[in-house]
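Participant: Now for the letters of each chain:
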Amino acid sequence: MTSRDTILAAVRANLPSPAPALPEIPLFERTAGSLLDEFQEALVRMGGKVVDERSGKNLDGFVRSLFPQARVICSATPEVEGTRALTCSASPTDLADVDVGIVRAAFGVAETGSIWLSEVELQVNALAYLAQHLVALLDPSDIVGNLHHAYRDPRFKTARYAVLVTGPSATADIEGVLIHGAQGVRSLTVLPLPRPIGAAGRSGA
Amino acid sequence: MRRIDHAEAASDFIAAKEHQAFHDRRLWDLRLKRDREAHGIPEWEELRSLASQIKEHTLSRLADYLEEFEARAKENGAQVHWARDASEHNQIVFDILSARRAKTLVKSKSMLTEECDMRPFLERRHIEVIETDLGERIQQLDDEPPSHIVVPAVHKLRGDVSTVFARTIGAEPGNEDIHYLAETQRRTTRPYFLNAEAGMTGANFAVAETGSFVVCTNEGNADLSANVPTLHIASIGIEKIIPKTEHLGVFIRLLSRSALGSPITQYTSHFRAPRDGGELHIVLVDNRRSERLGMRDFWYSLKCIRCGACMNTCPVYRRSGGLSYGATYSGPIGVIIDPTFNIRKYSNLPFASTLNGSCTNVCPVKINIHEQIYKWRQVIAERNQLPFVKKEMMRIAGKVLADPKLYRAAISATGLAIEHLPRFALYNWLNPWGRQREVPDAPQQSFRSWYIAHRNLS
Amino acid sequence: MKAGLFIPCYVDAFFPAVGIATLQLLERLGLEVVYPLDQTCCGQMMANSGSQKDAAGAEALFVENFKDFDHIITPSGSCAYHVREHLDAIPQTADAQKVRRNTYELVEFLHDVLKVQAFPWAEFPHKVGLHNSCTTLRKLRTAKASEIDEPFFSKPIDLLRKVRGIELVAPSRPDECCGFGGTFSIFEEPVSAKMGYDKVADHHDAGAEYIVSADMSCLMHQKGCAERLGLDIRFIHIAQILNGDRA
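Protein chains in written order, with my numbering: chain A, 1 to 205; chain B, 1 to 458; chain C, 1 to 247.
No lab work stands behind these hints, which were simulated from the structure alone. Computed from a prediction, not measured in an experiment: that's the story for all the values here. Incorrect hints may have been included.
[Said to hold, decoys possible] Partial chain B-side listing against chain C, Cβ under 8 Å, derived:
#, residue
1, Ile14
2, Ser87
3, Pro443
Ideal placement from N, C-alpha and C gives every residue a C-beta, glycine not left out.
The shape of chain A in the complex, shown without the other chains:
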């Protein structure tokens, strides 16, 4: 018998009974105010920033103004050019010197202040972790209410890697003192900006 067979046989022999039914999961809708406001409040609580950039023009210049010391700016979205091109065939270690990474989030979650990214939005997954800072563009109409809504998104079933990012990398492992930039990015800045016309919308359509 393989280990697999042994384990499954042992589990089958020990199953508790009777088996309770699987419950229905409600959506726990709340009649809230603006989803963007709720999102912003939640993200700021988690150490992230939300910066308004109304015009949508010259995002490159705007990003540079946020990070004047940055030398290597690497964008996974065509909306920002950056200083270095990024393709999904790049090796993660090529990104070791990136100062600022830029992505467009697929959607956001108001309850927690999270943004959703997958290999589609990241091109190279490690971009969101090896960069010193991360900037994420988010269309306010792409914000859903809570995690129950988020988990009904069909892209969870197709993405190879999907992450809900909520603020910068953080730890409080030493005496409970909060540190931003534990192993990952030191800061996360979200720019609420509608998608350009013709770009993919919320459910990937």
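With the hints as your guide, set chains B and C onto chain A.
Facilitator: Chains B and C in isolation, oriented as in the chain A frame:
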């Protein structure tokens, strides 16, 4: 096999006043933060019930869900391995690493790998293992196990960390600035992420419907471990399975609120398939979980999502520290799991509890922890694992309290003893009560005597 | 209404005033109270140590003493809970089941059964810290536990509010266990004492002159700690305050 003496270890912990006071305050603060989050969501108690039901359903059909998970994971291109016990787990991991000539492994926090004692196994076989979570790294460098499943170095103060880092990773001696210490760990760990051939994570949840698993961290170290090296190994206990993606809504909403009092961790990462050009290996581990599944009074412990809320609220844990339990799992959840690993060694642990029940109330999946602690005491007594003194004390008490005449004699003897014995006779090593407390006064008459005198027709 | 009175062994031996106050209070409220003379113990100590076979004798004796009462009242939350939920070292005869069903902790009984609205004889013009024992709080559920998200309620406070002059002051951690825990107080003495010290210091810092509880076992432990610490704070059972005992 020596019994773990929790009380003695606790005594040492309490003696380090500054450390113990900080430890207690820090974890109580996490408990209060949890409360604020819990009271901030009107559906909190409903979420707990849903989570409990989902887990109980899944565990009752675990074999089917495991097969579903494996089938989907393989379709996704992951390789799935099965480990009956700790040593098989370690061997499987080693075989995967050595087949690819991997010499360095970066890993994120995984209690399962601690349980399997994986690191020494790999290190003896010349594989360098780097813990990347700050708290785990501190403990690794100090050659000490983690003391808490979420905040592994919570028992240390900044001076302790400074000493460890100065000794091991070239930090400036005497520099106790916490930002400096964290930055030092970030700076010295980063080359390992960039150069390691393999990365390892655990998993908080494994979704049967999609063959995916979820890893929740605040540091992003799991994402680095999984997304930089081309080989990703994930060790997952078989009890981590949940049926569907939508169930994650319930569990993710409960997990970080219970653990740290924040609505979600900074990173909630979902792994379904290997990256282009990468390899994903999943190791499903039993290690006595299937056995525990068959224990009618104790299988609810398998619902655990490893949030640590029970430890944060436990007044005993906060005053004794996780290391005093001598096991990977400490605090209330440890006390009900550890006896299944070794009943003799851990036979004292269910008595490191006042049965106050706070743990049960904070558990997001409604494990009846304090009731299981009570039941474990019965199992330990039945298997003759009570220490001699306690066993004798209960035997004698049982006889006296079953007999009205013996009882009355004992009451009056105690009263006389307290009234007449000199202080040194009452307060000495034979009387643990009196070490740090005064003994009650002996009143003039017992209640019974008063009753007979004032109410009863004798 | 007739009731059987169960007085735990440590109250019988060390704190008879609590038993006396309980009996007098129930009589004032119109009950005929009977104290079976051959009672000893509910069996809790042995059962909580896992020794069911050692608990059996005391449990059987308890049933024997109380089987003819429709109401059994005890000024001890832990004993009431043990009888109702854990009296299973003995065969579950009709008598045993009856006794289990009919056993009440004093506060429960006053609040839920008698629904007492006033204690005109009671006056206690002092600052008082209320200690809800873990058994009354989380198991008998006589008050809201801070972990649970539910509306506030407290049976002991409902009763104490009817006492003239009383001023309730809350410690910073009202629900944290005080560390008695039965034989825990002996076998895990270091942690037990530390928990007790923290508890009494917390009440003292909140300004309490008295700590009141429905469980004398907790108070016995806290009193021992406070006396060793030299803290100026006194201990009283809720039965005594409600019975009109003065300071």
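Participant: Are the hints correct? Go through all of them and say.
Facilitator: Now for the hints, and whether the structure bears them out:
no. : hint   : verdict
1   : Ile14  : 5 Å, holds
2   : Ser87  : 32 Å, violated
3   : Pro443 : 6 Å, holds
Consistency note: the structure conflicts with earlier hint 2 alone.
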